[in-house]
Amino acid sequence: DAKTTQPPSMDCAEGRAANLPCNHSTISGNEYVYWYRQIHSQGPQYIIHGLKNNETNEMASLIITEDRKSSTLILPHATLRDTAVYYCIVRVATSGTYKYIFGTGTRLKVLA
Amino acid sequence: GAGVSQSPSNKVTEKGKDVELRCDPISGHTALYWYRQSLGQGLEFLIYFQGNSAPDKSGLPSDRFSAERTGGSVSTLTIQRTQQEDSAVYLCASSVMGQGAYYEQYFGPGTRLTVT
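The listed protein sequences derive, respectively, from chains A and B. Count the first sequence with the numbering used here and you get residues 396 to 507, in order. Count the second sequence with the numbering used here and you get residues 9 to 124, in order.
If you're looking for bench data, these hints aren't it; they were derived computationally from the structure. All values reported here derive from a predicted model rather than from experimental measurement. Please note that a few of the clues may not be correct.
Stated by the list, open to error - Only pairs whose alpha carbons sit at most 20 Å apart, straight line, appear in this in silico EDC-like list of lysine to aspartate or glutamate: (1) A/Lys447 / A/Asp462; (2) B/Lys23 / B/Glu93; (3) A/Lys398 / B/Glu93; (4) A/Lys398 / B/Asp64; (5) A/Lys398 / B/Glu28; (6) A/Lys398 / A/Glu453; (7) B/Lys19 / B/Asp32; (8) A/Lys447 / B/Glu112; (9) B/Lys25 / B/Glu76; (10) A/Lys464 / A/Glu450; (11) A/Lys398 / A/Glu426; (12) A/Lys504 / A/Glu426.
Could you build all of it, start to finish, from the sequences and the hints given here?
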């Protein structure tokens, strides 16, 4: 199974862009990269996903390197409510569907 | 609509007792997943259900752990003879089936299990 490596923690000033890196050097060609976040005492919440192209939605942007060995989640204007643990996940196929392989995540603290 | 629900939200049990954790997935979601999150750790995959069958049980840590799903809906995770190392938050997720490009697991709030 592919695994991810993330820095354990990061700080970001409110209103600034938060750039969260992730290494997934053993990812296979058909395995997607997903990002979820977990706010204290809640279940993980979906943010964005991608295969090889950069992606953007209302929450964030995902930049994937050409060799697919790393990616960066960008929160363009971080707010205090974005303080959470952010998980970079590789989705692997299993028996007709998929399962997520979670890393230990990055604890993002947005500072006022 | 209603999301994934889990019960109880908190469970404290004595070492050696059995516990049952319940998950109600989103209606129409045929895939159901159990994960475990120990304090300060990431999520660890336990088991996955496709309908009522479990094609992937690879994450169950020991034979004290079992799970079932009935009617393609509610699932129960049972831990027998609980140990202190079983203390964790147990998270359930559900999704639609298939291997399309657009796919998302929806997580419940979790059950916090404390074994004393």
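(request) Of all the hints given earlier, name the ones this structure violates by number, lowest first. (result) 3, 5, 6 and 12
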